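Q: Okay, here's what each chain looks like letter by letter:
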Amino acid sequence: MLRVALSRLGTAVPSLIGVVVVTFLLTRVLPGDTATYFAGPVASAEAIAQIRAQLGLDQTLPVQFGRYVADLARGDLGTSLGTGQPVLHEIATRLPASAELTLSGLLLAALAAVPLGILAALRQGSWVDHLCRVVTTAGVSLPVFFTGLLAVYVFYFLLGWAPSPVGRLDAFATAPPAVTNFLLIDSLLAGDTETFLAALSQIALPALTLALFALAPLARITRASMLAALDSEFIRTARASGLNRRTIVLTYAFRNAMLPVVTTLGMVFSFLLGANVLVEKVFAWPGIGSYAVEALIASDFAPVQGFVLTMAVLYIALNLAIDLLYGLIDPRAKEG
Amino acid sequence: MRRRTLIASASAALAAPALRPAAAQPAPTRAETLLLVQEYGPNSLDMQGIGSSQPVNGVALNCYDRLVRYKRVALPGEGNGSTFDITSLEPELAESWQEASDGMSCTFRLREARFHSGRPVAAKDVKWSLDRAVSIGGFATTQMNAGSLEKPEQFVALDDRTFRVDYVRKDKLTLPNLGVTIPFVFDSELAIRNGGGDPWAKEWLKNNVAGSGAFRVEAFRPGTETIYVRNDDWKSGPLPSLRRVIARDIPSPSTRRALIERGDTDISYGLPPKDFKDLAEARRVKVVGVPVPNAIWYVALNATTGPFTDVRLRQAVAWALPYEAIMQASLFGRGVPMWGALGGPTTAWPQPFPYSTNLARARELVQQAAPGGVTTSLLFDAGSGTIAEPMAVLVKEALAPIGINVELSKIPGANFRGELNKKTAPMVINRFGGWLDWPDYFFFWNYHGNNSIFNIASYQNPAMDRLIDAARFAADADTYAGAVKGFIGLAEQEVPMIPIAQPLHDVAMQRSIGGYQFWPCREPDFRFLTKG
Chain R
1 MLRVALSRLG TAVPSLIGVV VVTFLLTRVL PGDTATYFAG PVASAEAIAQ
51 IRAQLGLDQT LPVQFGRYVA DLARGDLGTS LGTGQPVLHE IATRLPASAE
101 LTLSGLLLAA LAAVPLGILA ALRQGSWVDH LCRVVTTAGV SLPVFFTGLL
151 AVYVFYFLLG WAPSPVGRLD AFATAPPAVT NFLLIDSLLA GDTETFLAAL
201 SQIALPALTL ALFALAPLAR ITRASMLAAL DSEFIRTARA SGLNRRTIVL
251 TYAFRNAMLP VVTTLGMVFS FLLGANVLVE KVFAWPGIGS YAVEALIASD
301 FAPVQGFVLT MAVLYIALNL AIDLLYGLID PRAKEG
Chain P
1 MRRRTLIASA SAALAAPALR PAAAQPAPTR AETLLLVQEY GPNSLDMQGI
51 GSSQPVNGVA LNCYDRLVRY KRVALPGEGN GSTFDITSLE PELAESWQEA
101 SDGMSCTFRL REARFHSGRP VAAKDVKWSL DRAVSIGGFA TTQMNAGSLE
151 KPEQFVALDD RTFRVDYVRK DKLTLPNLGV TIPFVFDSEL AIRNGGGDPW
201 AKEWLKNNVA GSGAFRVEAF RPGTETIYVR NDDWKSGPLP SLRRVIARDI
251 PSPSTRRALI ERGDTDISYG LPPKDFKDLA EARRVKVVGV PVPNAIWYVA
301 LNATTGPFTD VRLRQAVAWA LPYEAIMQAS LFGRGVPMWG ALGGPTTAWP
351 QPFPYSTNLA RARELVQQAA PGGVTTSLLF DAGSGTIAEP MAVLVKEALA
401 PIGINVELSK IPGANFRGEL NKKTAPMVIN RFGGWLDWPD YFFFWNYHGN
451 NSIFNIASYQ NPAMDRLIDA ARFAADADTY AGAVKGFIGL AEQEVPMIPI
501 AQPLHDVAMQ RSIGGYQFWP CREPDFRFLT KG
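Order-wise, the sequence lines are chains R and P.
Numbering follows UniProt numbering, with no gaps: position 106 of the first sequence is 106.
Numbering follows UniProt numbering, with no gaps: position 90 of the second sequence is 90.
Mixed in with the good hints there might be a few duds.
[As the list claims (entries may be wrong)] Simulated DEER-style distance windows between Cβ atoms:
hint: 1; chain 1: R; residue 1: GLY56; chain 2: P; residue 2: GLU407; range: 32 to 38 Å
hint: 2; chain 1: R; residue 1: THR137; chain 2: P; residue 2: ASP198; range: 58 to 64 Å
hint: 3; chain 1: P; residue 1: ASP198; chain 2: R; residue 2: SER201; range: 41 to 47 Å
hint: 4; chain 1: R; residue 1: THR193; chain 2: P; residue 2: GLU407; range: 36 to 42 Å
hint: 5; chain 1: P; residue 1: ALA382; chain 2: R; residue 2: ARG332; range: 36 to 42 Å
hint: 6; chain 1: R; residue 1: HIS130; chain 2: P; residue 2: GLU397; range: 28 to 34 Å
hint: 7; chain 1: P; residue 1: GLU397; chain 2: R; residue 2: LEU142; range: 55 to 61 Å
hint: 8; chain 1: P; residue 1: THR347; chain 2: R; residue 2: THR174; range: 50 to 56 Å
hint: 9; chain 1: P; residue 1: GLU281; chain 2: R; residue 2: ARG74; range: 33 to 39 Å
hint: 10; chain 1: P; residue 1: GLN460; chain 2: R; residue 2: PRO62; range: 55 to 61 Å
hint: 11; chain 1: P; residue 1: ALA370; chain 2: R; residue 2: GLU46; range: 37 to 43 Å
hint: 12; chain 1: P; residue 1: ALA282; chain 2: R; residue 2: THR60; range: 54 to 60 Å
hint: 13; chain 1: R; residue 1: PRO62; chain 2: P; residue 2: ALA370; range: 32 to 38 Å
[Unchecked claim] When the alpha-carbon atoms are kept at most 25 Å apart in a straight line, the in silico SDA-like pairs for lysine to any residue are as follows:
hint: 14; chain 1: P; residue 1: LYS423; chain 2: R; residue 2: ARG28
hint: 15; chain 1: P; residue 1: LYS410; chain 2: P; residue 2: TYR480
hint: 16; chain 1: P; residue 1: LYS410; chain 2: R; residue 2: GLN54
hint: 17; chain 1: P; residue 1: LYS202; chain 2: R; residue 2: PRO86
hint: 18; chain 1: P; residue 1: LYS423; chain 2: R; residue 2: GLN50
hint: 19; chain 1: P; residue 1: LYS422; chain 2: R; residue 2: GLN54
hint: 20; chain 1: P; residue 1: LYS202; chain 2: R; residue 2: LEU72
hint: 21; chain 1: P; residue 1: LYS124; chain 2: P; residue 2: PHE84
hint: 22; chain 1: P; residue 1: LYS422; chain 2: R; residue 2: LEU61
hint: 23; chain 1: P; residue 1: LYS124; chain 2: P; residue 2: ASN207
hint: 24; chain 1: P; residue 1: LYS170; chain 2: P; residue 2: GLY486
hint: 25; chain 1: P; residue 1: LYS71; chain 2: P; residue 2: GLN517
hint: 26; chain 1: P; residue 1: LYS151; chain 2: R; residue 2: THR60
hint: 27; chain 1: P; residue 1: LYS410; chain 2: R; residue 2: LEU72
hint: 28; chain 1: P; residue 1: LYS277; chain 2: R; residue 2: VAL154
hint: 29; chain 1: P; residue 1: LYS396; chain 2: P; residue 2: ASN358
hint: 30; chain 1: P; residue 1: LYS202; chain 2: R; residue 2: ASP58
hint: 31; chain 1: P; residue 1: LYS423; chain 2: R; residue 2: ILE297
Derived from the structure by calculation, the hints contain no laboratory data.
Note that the structure is a prediction, hence the values are computed from the model and not measured.
C-beta atoms are modelled at their ideal positions from N, C-alpha and C, and glycine is treated no differently.
Construct the entire structure; sequences and hints are all you get.
A: See below:
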C-alpha cells in the first residue's frame with residue numbers, strides 16, 4: 001500500500017508544477033489592473049506606479065515568476081490585497097470552515113442518498129423509485145443559492161426555527177480554543193456543549209442546502225451501480241445458492257456497487273469544497289470559495305494562486321485516498 | 001508654564017495605571033453591545049496605508065482621534081441623528097486653535113489625552129502622523145494634497161502640547177481637510193518601536209491600532225468580523241454609551257435585510273435601494289437616508305473622442321434621458337433629482353441641471369448633428385451593477401428612438417478604473433463623491449483640464465479651468481460666487497456629464513438605536529450611537 005501511495009505521489013509532482021505555472025500565467029493574463037484597483041478612487045498616476053512597483057508588477061514576467069517560486073519554496077503564498085492578510089493564514093482558517101460545511105453536507109447527502117438509491121434499485125418503478133427520481137431532479141435543477149435563500153426565508157425569516165445566518169457562530173458566542181479548526185469537533189474537545197449546539201444550529205441550514213445538491217449525483221450513481229450489480233451473474237449465483245436476501249444485497253451487491261459511489265463521493269466533495277461560493281455567501285460562511293471569487297473579481301493574484309494550488313493539492317490527496325480506499329473495498333484493485 | 005505642563009502630564013502618566021478601570025468592570029451586556037452587519041469589513045486597520053478599503057475609514061473614525069471634527073447638525077425628523085457642517089470645526093484632540101494674522105499658519109493646542117498604551121498624546125505624535133500621511137503615497141497623500149497639505153516641513157511640533165501647520169498657500173480646504181479620516185494621530189513611539197525598521201510601521205499598523213480614539217479593536221478577523229471595545233479613558237469627547245461593537249461581514253444583501261427585519265441585528269449597512277425603500281415604507285425599522293454631499297450619479301459623454309465631441313449630441317442625450325424612470329426603477333426613489341431646474345445656476349452643489357425628458361428637442365438636435373444616427377457604447381461598473389445596470393438599460397432604450405444606438409458594456413471592478421484611465425470610453429455611467437463639500441472641489445476632479453481619472457468625459461476647456469481655479473483660491477465671497485455660478489452655467493450648457501441624481505446614503509437600524517452620525521466617509525460612528 002505504501003508503495004502505491006508513493007508512486008501515486010510521484011506522478012503528482014508534474015501536475016503540481018503545471019498548476020503553479022498555469023495559475024501564474026492565467027492570473028497575469030487577466031485583463032484587470034491590480035494596481036489601479038487598489039490605488040483607490042482618487043489615485044494619481046504616480047500613486048498607481050508606486051503601488052505597481054511595490055507589488056513587483058513593473059518587473060518582467062520571468063522575474064515575477066522567479067520571485068513567486070522562491071516565495072513558494074519558503075512556504076510564502078503572498079499577501080492578499082483584498083483582506084490585507086497572508087494568504088497561507090487565510091487559507092488555513094478558511095479551508096476548515098469550508099471543509100466542515102462540505103463534509104457535513106456530504107454526510108447528510110450520503111446518509112439519505114445511499115439508502116434511497118439502494119431501495120430505488122431494489123424496487124424499480126415503485127414509489128421509492130419515483131421519490132428518488134423527484135428528489136434527484138429537484139436537487140440538480142434547483143440552484144443552491146435559490147434553495148439557500150428559500151431555506152433562510154422559510155426556516156429563519158418566517159418560522160424562526162433556524163438561528164440568524166451570520167456564519168459559523170452567533171455574534172455573541174465565543175469560539176472554542178482552536179485545535180482542528182472544525183468548530184463542531186473543537187467545541188466537543190473543549191467539552192463545551194453550549195458552543196457545540198450553537199455551531200450545530202448554525203451549520204444545519206447550509207449543510208442541508210448543500211446536501212440537497214449533493215444528493216442527486218450520489219443517489220443516481222447508487223441506483224445505477226446497484227442495478228448493474230444486481231443484474232450480474234454472481235448475484236444470480238448467490239440467489240440460486242439460496243443465500244438470504246440481506247446478505248445478497250448488502251454483502252455482495254452493495255460492496256461491488258460501492259466503487260463508483262465512492263468515486264462520485266470524492267468528486268462531489270472536491271467540487272463542493274471550492275464551488276459552494278453561493279451557499280457561503282448566503283449564509284455568510286467564511287469559506288474558501290467566496291474568498292477566491294472575491295479575489296478573482298479584484299484581480300488579487302496571490303489568493304487566486306494560493307487557492308488553485310491548495311485545491312490542486314487537495315484533489316491529489318483526495319484521489320490518492322480514494323485509490324487506497326478502492327484497495328480496501330475491492331481487493332482486485334490493489335493489483336492495478 | 002511649559003515646565004508645569006510637563007510635570008503635570010508626567011505625574012498623570014504615573015497615576016495612569018491605577019486610574020484606568022481594568023477588569024474590575026463587569027463585561028459589557030447585550031444592551032451595551034451593538035451588532036452591525038455590513039457587506040464587507042476593513043482589510044486593514046490603517047486608513048493611511050495603501051489599498052485600504054472603504055470600511056477602514058470606520059477604524060480611523062472610532063479608534064483614532066483627529067485634531068478637529070466637523071460640527072454636528074441634526075438631521076430633519078425625530079431621532080434620525082445628525083449630519084455635519086464641514087465649514088465649522090469642533091475640537092477633538094486639539095482643545096483650541098488660532099490661525100495666524102497673516103493667514104498662513106494655524107497653531108493648535110492639544111488637550112491632555114492618552115493613547116490606548118497609556119502614554120500622553122504629544123505634538124510630536126501629531127507631526128509624525130501628518131508627516132506619514134503626506135509621505136506614504138497612495139490615497140492618503142492624494143487626499144492630503146487636496147487641502148494643500150503637501151510636505152512634512154509644513155508640520156511643526158512647538159512643544160509637547162503645541163502644534164503648528166504652515167500653509168503652502170491660502171486654501172480654504174486646508175483646515176477642513178484636517179477633519180477627514182486620513183490625518184489621524186498615531187502613538188508614534190509605539191508604532192516606531194514595533195515597525196521593525198520601517199519608519200512608517202506600515203505592516204504593523206495594518207494589524208494593530210496605536211491610537212487614542214474612543215474604541216480599541218478587540219478582534220480583527222478580515223472577512224468575518226471586527227470587534228471594538230470602548231476605551232474608557234477617552235478624552236476627546238463624551239464617553240460613548242456603547243461598550244462593545246461587533247461588526248459582522250454578511251456578503252448577501254438578502255441576509256442583511258432578513259437580519260434587520262427579524263431584529264437580530266441593530267444596524268444594517270449597504271442594502272440595495274429597493275430594500276431600503278421597502279424597509280422605509282414598512283416602518284418597522286428606522287431608515288435614515290442622507291443625501292451624500294458632493295456626490296452624483298451621472299452619465300459622462302466623451303468630449304475629446306468619439307461621437308459626443310459634438311456638443312449638440314451631448315445636449316440631445318441630456319434631453320432624452322428618462323430621468324423619472326431611472327429614479328424609480330434603478331434608485332427606487334432613494335435619491336435627489338438632478339434634472340428639470342428652472343432659472344439660472346445658483347452656488348448650491350449638487351444642483352439640478354435645466355434638462356428634462358423632451359424627445360422632440362433631442363431628436364431635432366440629433367438631426368442637426370448626425371442625421372444618419374450614431375452607434376456607440378455605454379460602460380458601467382459591474383460592482384455597482386444593482387443601480388448602474390437598470391440605469392444603463394433605460395438609457396439604451398431611451399436613446400434608440402432618437403437615433404443613438406447604444407451597446408452596453410459591463411466592466412468588472414478591477415478593470416473599470418483601467419478603462420476610465422484609457423479616456424476613450426464614449427459614454428460611462430458613474431458615481432462620484434468628494435469628501436470636501438465644495439463645488440470647486442467637485443469640478444476640479446470632474447471638469448478640470450488636468451484630466452484626472454474622474455474627468456471621464458476628458459473635457460478640456462481653458463475657460464472652465466480659469467473659473468474652477470478662480471473659485472478654488474477666491475479671496476472674497478463675491479468672486480467665489482461669481483466663479484461657481486460661471487462654471488456651473490458652463491457645465492449646464494456643455495454637458496460633458498449629465499447629472500441624474502444625488503444618491504442617498506441609507507442605513508437601516510432598529511427603532512431603539514439613536515445618535516446616528518453621518519460623516520463624509522459614510523462609515524458608522526460608534527462614539528455617538530446609543531441603544532435602548
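Q: Which numbered hints are broken by the structure, listed smallest first?
A: Structure breaks hints 4, 5, 6, 7, 9, 10, 13, 15, 16, 21, 26, 27.
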